[in-house]
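Could you build the full structure based on these sequences and the hints that come with them?
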Amino acid sequence: MKSATLISRMLMLAVPFAFIACNDDDNGDGPGDQVDTTPPQIEVIRPEPDEVRAIREHEDSRNLHFRAQISDDVELGEAMIDIHNAFDDHGHGKNFSPFHYEHIFDLTGTKDTFIDYDVVIPNTAVPGDYHLTIYVTDKAGNSLEDDQKNIEFVITNEHFGPSFTVNSPEDGSLFQFNDELNVNIEIRGYVDLEDIWMNIVHEGSGEVVYDFHRDHLHADPYVLNRNIFISEEWPEGQYEIEIEVELENGKHYHMHPHLHFSVH
Amino acid sequence: MVANTSALKKARLNIRFSALQPFIWMYGKLISAIKARNKLLPALLICFLPVTMQPVVAENASNSQLKIRGVVLDENLSPLGGVRVHLHETGETVHTDSLGEFEVAGLQPGSYHVHVYLMGYRSTAETVRLRSSNAQITFQMRPTILEMGEVLIEAQPYKLEDREKSLQVEVMEKEALKRHQRTSFAETIERVPGVRTISTGKGIAKPMLRGLSFHRIAIVDRGIKQEGQQWGADHGLEIDPYDVERVEIIKGPNSIVYGSDASGGVISIRTPSFPAEGHIRGSADFRAESNHELLGGSAMIEGNHRNTFYRFRYSRQEFGNLTLPADSFTYAGFRLPIDQNRLKNTGGKDQTFTGTVGMQREWGHSQLTVSHFDQMAGLFPGAFSHPGSYSTRHENGHRTIGLPRQVTSHSKVISNTKLLFRDNWIEADLGYQLNQRLEEGEPHQHGNRPMPEGTDHLDLQLHTLTANLRYHHTHNDRRRGIFGVSANAHKNRAGGFEFLIPEHEGADVGAFAYQHIYLSENLIANGGIRYDYGTLLSHRYTEPDYDAEGNEDGEIERAPEIQRSFSNISGTTGLTYHPSEEVTLKTNIARHFRLPRSPELASNGFHHGTFRHERGNSELNAEVGYQWDFSATYRKSNFLVTATPFANYYQNFIYLNPTFRFSRLPGGGQVYEYQQNRVLMWGGELVTEFHPIDPLHLEAGLDYVWAQNLDERLPLPFTPPASIFAEAEYEFGVTAVTWLQKNFINLNIRAYANQERVARNERVTEGSVLWNTAAGTTVNFSENTSVSINFQVRNLLDTYFQNHLSTYRKLNLPEPGRTYAISVSIPFHVMQN
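Residue numbers (this note's numbering), protein chains in the order written: chain B, 1 to 264; chain C, 1 to 833.
No lab work stands behind these hints: they were computed from the structure. Do not rely on the hints blindly, as some may be mistaken.
To be verified - Computed cross-link-like contacts, DSS-like style, restricted to lysine-lysine with a CA-CA straight-line distance of at most 25 angstroms:
| no. | chain 1 | residue 1 | chain 2 | residue 2 |
| --- | --- | --- | --- | --- |
| 1 | C | K810 | B | K139 |
| 2 | C | K810 | B | K149 |
| 3 | B | K149 | B | K251 |
Stated by the list, open to error - Partner residues aside, some chain B positions facing chain C, computed with beta carbon under 8 angstroms:
| no. | residue |
| --- | --- |
| 4 | V35 |
| 5 | T37 |
| 6 | G77 |
| 7 | M80 |
| 8 | E102 |
| 9 | T137 |
| 10 | D138 |
| 11 | K139 |
| 12 | A140 |
| 13 | G141 |
| 14 | S143 |
| 15 | D146 |
Bear in mind the structure is a predicted one, so any value in this text is a computation, not a measurement. Idealized CB from N, CA, C, for every residue including glycine.
Right, here's the structure in full:
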C-alpha cells in the first residue's frame with residue numbers, strides 16, 4: 001500500500017484550500033493536551049482458548065474462572081463479559097435455552113485492574129461450544145481494539161463433547177532416563193473421533209520431546225496407548241502431556257488432562 | 001357566434017374527459033391500494049384532486065393563443081437544424097427544422113423559459129415575456145466539445161446556466177447514468193467528485209455529499225423530498241436505479257428552498273421530459289454483473305396523445321452473495337473464513353413500478369406519479385447478530401436471502417403542477433409517501449424475558465405528506481424572484497419485538513423569499529431568507545420488566561414522552577461573476593439549519609445494523625450552521641478546470657458518540673449517545689477536463705473533506721478519505737461500417753488516500769488504487785432503432801481494498817473484487833408523427 005500512502009501525501013499537498021485550515025489550537029497537538037483515543041488493553045488469563053468445562057447432570061454446578069488484567073493509559077470505564085453459545089445453528093432451536101450470561105464490571109477510578117471472577121455454569125446448561133466475549137471501555141468511551149475479545153470454550157457433559165479417562169501414567173509420577181513411559185488414555189467423543197494429537201512438553205523450556213498424531217480414526221471411543229522410551233536427550237524436569245482431538249464434524253478441542261510427570 | 005362557442009366547448013369537454021381518464025384510473029388504483037391500511041385516503045383525495053382538476057377549469061378561461069417563434073443559428077450565423085427547444089413551464093419540446101426555425105403555439109400571456117440543446121454545443125436559455133403579441137427570438141449557439149458545465153440546471157430555484165448559479169451544481173444525464181450504472185442509484189452517482197456512499201454490501205447505499213449524509217442532505221425526487229429512516233447508517237436509499245434520467249447534485253446548503261435537511265446539499269432527481277405529441281415510445285434495458293451474479297432489467301413505455309402523456313416503468317433486479325478477493329478476514333483476534341470467497345447472505349433483490357400521467361396545456365402542465373419500490377437485502381450475519389456467531393458457511397446456495405435481512409418498501413404519490421397565474425408561474429408539488437422498513441433476524445432470548453415470537457426485530461412505518469408551493473415572478477429583465485411556502489407532516493409507527501425508536505409525529509411549515517438580480521451583464525447577485533416552524537411529539541414507550549423467574553415485574557420506560565417545537569430563520573446570499581467567456585467566479589454564504597428528528601431525541605435500544613445501543617438526547621436543539629462556498633472556473637474550447645472549495649461551521653452538529661457505558665439491556669453493546677458539538681468542515685473539489693483531440697476526453701477530479709468536532713478535538717465519523725479520479729475516454733466510429741458510428745472505450749482509475757482522521761472507535765482505513773474500464777457501442781439498425789451495449793470491468797486487478805464508508809468496514813471485510821458488467825439498452829418507437 002506504499003503507492004496509496006504516496007497518493008495520500010500528494011493529495012494533501014495538492015489540496016489548494018489549506019488557506020482556510022483552522023489549525024489553531026483545535027488539533028489537540030499541544031503538550032499535555034492530548035485527546036485520549038488510546039483504547040484500553042486486556043490480557044485474558046482464563047479461560048484458555050478451547051478450554052473444556054465438563055458438567056455432569058445431577059451434580060453440582062461448575063465454575064468458569066474468568067481472570068483478566070485490564071489497563072488503560074488514563075482511566076478505565078466498564079468491562080462486560082458476555083457468554084453465549086456458538087452452536088452451529090447458533091442455537092436457534094426454540095425448544096431449549098442455551099446458557100447465556102452477562103455481567104458488567106464498573107472499573108471507573110482505576111487505570112490497571114485484575115479481574116478474578118467466577119461464573120457459575122449451572123448443571124442444566126446445554127453443552128456445546130460457547131464464546132466468552134469481553135468488552136472494555138475507558139472513561140472517554142474508547143473501546144477495546146476490535147471492540148471485543150473472544151475466547152472460545154466448551155461446556156461438555158456425558159452426552160456431549162469429548163471426555164477422557166487417564167489410565168496411565170499417574171499424575172505426578174517419577175521416571176528415570178531409559179525408562180519406558182506408558183501412556184494410556186481412553187478418549188470419547190459424542191461423535192466419531194477423526195484426529196488425535198498428543199504432545200509431551202518439557203515445562204521449563206516448552207520443548208516438545210515427543211509428538212504423536214493419528215488421523216482417519218473413525219472411532220469412538222479410542223484408546224490411545226503408547227509406550228515411549230525416555231531417552232537421555234530429554235532434558236531433566238517436569239513434563240506435561242497435552243492432547244488435542246478433532247471430531248468427525250470438524251470440531252477441534254484442546255483437552256486439559258493436567259497430567260504431569262518428572263524425569264531425573 | 002354563441003352557438004359556435006358552445007359547440008367548441010362541447011368538443012373541448014370531450015377531449016377533457018379523455019384527458020382525465022388516466023387520472024381517474026390512477027385514483028381508482030390508488031384508492032384500492034391505500035384503502036386496506038390507511039385512513040389518509042380522504043386527505044389524499046382532497047390534496048390531489050383540486051390540483052389536477054383546477055387547471056382544466058383554467059383552460060376554459062383562456063382565449064389568447066400566442067406563439068413563440070424563433071431561429072437557432074451557429075457562430076457563423078448558419079441555421080442549426082434538429083435543435084431541441086424546451087419550454088420549461090409547459091414542459092413542451094419541439095425541434096428546429098432545417099432552416100433552424102421553431103414555433104411553439106397555443107400559449108397564454110406570461111413569462112417562459114426557453115431552453116435550447118444540441119449535442120456539441122453549449123446549452124443556453126432565454127426568458128421570453130409574452131404579453132399581447134407573439135414573440136420572436138434568436139439563439140446563437142457556440143460549439144463545444146466539453147461535457148462539463150455545458151448543461152442547464154433545472155433544480156429550483158431557477159432554471160439557469162451553470163454559471164448563473166452561485167452554488168456548484170453537478171449534473172449527470174441519461175447517457176452517463178447508463179454507462180456507469182451500478183447496483184444502486186447512490187453508487188451510480190459516486191462518480192461525481194465530492195459524492196460518496198455509505199454502503200452495506202450491495203444494494204444498500206445512502207449517498208453522501210462532501211462528508212455529509214443522513215438527514216443533512218435532501219434527496220428530492222420530482223420535487224418531493226424523500227423521507228425514509230435516514231438516521232440509520234445501514235439504511236439505504238429507496239430509488240429505482242433505472243428510473244433516473246437526469247440528476248442534479250447541488251453541493252452546498254439549500255435550506256432556503258428545501259428547508260430542514262438540505263443543509264449539506266441536495267440530490268435532485270428530475271422529472272424526465274416527455275415525448276413530443278403523437279409519439280409512443282419505450283425502452284427495454286438489461287443488465288448483468290458477474291461479481292454478485294446480478295440480473296436486472298427495466299421496461300418503459302411512454303406516449304403523448306394530444307398533449308396528454310403517460311409513462312410506465314417496471315424494473316427488477318436480483319443478485320447473490322458478494323465475491324470478495326479474500327478467503328478469510330480477521331476480527332477480534334479470530335481469523336474467520338470467507339467460505340468460497342463469497343460473503344454469506346449478502347444477496348438482494350428489488351423491484352419498482354413507476355407510473356406517471358399528465359397533461360400539458362397552454363396554462364402549464366400537471367402530472368401525477370405513483371411509484372412503489374420494494375427491496376429485500378440480506379445482511380452478513382457476522383455484522384448483524386451476536387458477535388461470535390460467525391457462521392460463514394453457505395447453506396442454501398448463493399442466491400438465497402436468509403436472515404438477517406432488511407425488507408423495505410417505499411410508496412409515493414407525487415403531483416407536480418405548473419400553473420400560469422397572471423404573467424407568472426405557480427409551481428405546486430404535493431406528495432404522500434409511505435416508507436416501510438422491516439428488519440428481520442432470528443429471535444434471541446435475553447435474560448429472563450420470554451422468547452420473542454416471529455423474526456421481526458423492527459417494523460417501522462413512516463407516513464409523510466409534503467406540499468411545496470412556489471410563485472415565480474419576473475419583475476423585469478434584471479430581477480426575478482420566488483416566494484414559496486412548504487409544509488410537511490409525518491407520522492411514524494413502530495412495531496417488532498425490539499424497541500429502538502419511538503412512535504412519533506410532527507409537522508413543519510416554512511416560508512421563503514428569494515431574489516435573483518442581474519447587477520450588470522456579467523455580475524449576478526442572489527439572496528433569500530426563510531422562516532421555519534416545526535413541532536414534534538414523540539411517544540412514551542414502556543415495556544414489562546421480568547424477575548428472575550421470568551414473571552412480569554413492573555415496567556421499564558425506554559422512551560419518555562417528548563414534545564418539542566423549533567423555529568429558525570435561515571438565509572443565503574451569493575454572487576456570480578464572469579468577467580470573460582473563459583472565467584466564472586462564484587461565491588455563496590448561507591446559514592442553514594436542520595430540525596432534530598425523533599430518533600435523535602428519543603431512540604433507546606440496540607441497533608443491530610450498527611451493533612451498538614443508540615440513545616437519543618431529548619435536549620437537542622435545532623442544528624444551525626454557516627457555509628461558505630467558492631467556485632472558480634476557467635474554460636476554453638477544449639479545456640476546463642474548476643476549483644470548488646468550501647468551509648462549513650456548525651454551532652451544534654448532532655451525531656452519535658460513544659460513552660463508556662455498556663447497555664443494561666441484554667446483548668446491547670456499548671452505549672452511543674446523540675450529542676451536539678461545534679464542528680468545522682472544509683474541503684472541496686478540483687476538476688479538470690481536456691480534449692487534446694476532439695474524440696479523446698481526459699478528465700481528472702480530486703476531492704477532500706476535513707471534518708473536526710471542535711469541542712472534543714476529534715474527527716467526525718464517516719469522513720470520506722481524499723480521492724483522485726482520472727479517466728480517458730475515446731469515442732470513435734468505424735468508417736467502413738455505417739451502423740457502428742458511436743463507440744467508446746474508457747479507462748479510469750480511482751485512488752483513495754489513507755483515512756487516518758477517524759472518530760473515536762472508528763478504524764483507520766488504508767488507501768487503495770482501483771482500475772476500471774468500460775467500452776460500449778451503439779448499433780444503428782435503422783434510423784429509429786439503435787441498441788446500445790455497454791461493458792464494464794470494475795476493480796480490474798481484483799484489488800483487495802477496504803471502504804472507509806462501509807458498515808462492514810468494522811469487521812475488516814474487504815470490498816468486492818473484480819466484476820464484469822454488461823448492459824443492453826433497446827429503445828423502440830411504437831408510433832410517431
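Do the hints match the structure? See the list:
no.: 1; hint: K810(C) to K139(B); result: holds, 22 angstroms
no.: 2; hint: K810(C) to K149(B); result: holds, 14 angstroms
no.: 3; hint: K149(B) to K251(B); result: holds, 21 angstroms
no.: 4; hint: V35; result: holds, 5 angstroms
no.: 5; hint: T37; result: holds, 6 angstroms
no.: 6; hint: G77; result: holds, 3 angstroms
no.: 7; hint: M80; result: holds, 4 angstroms
no.: 8; hint: E102; result: holds, 6 angstroms
no.: 9; hint: T137; result: holds, 4 angstroms
no.: 10; hint: D138; result: holds, 7 angstroms
no.: 11; hint: K139; result: holds, 5 angstroms
no.: 12; hint: A140; result: holds, 7 angstroms
no.: 13; hint: G141; result: holds, 4 angstroms
no.: 14; hint: S143; result: holds, 5 angstroms
no.: 15; hint: D146; result: holds, 5 angstroms
In this structure, none of the earlier numbered hints is contradicted; all agree with it.
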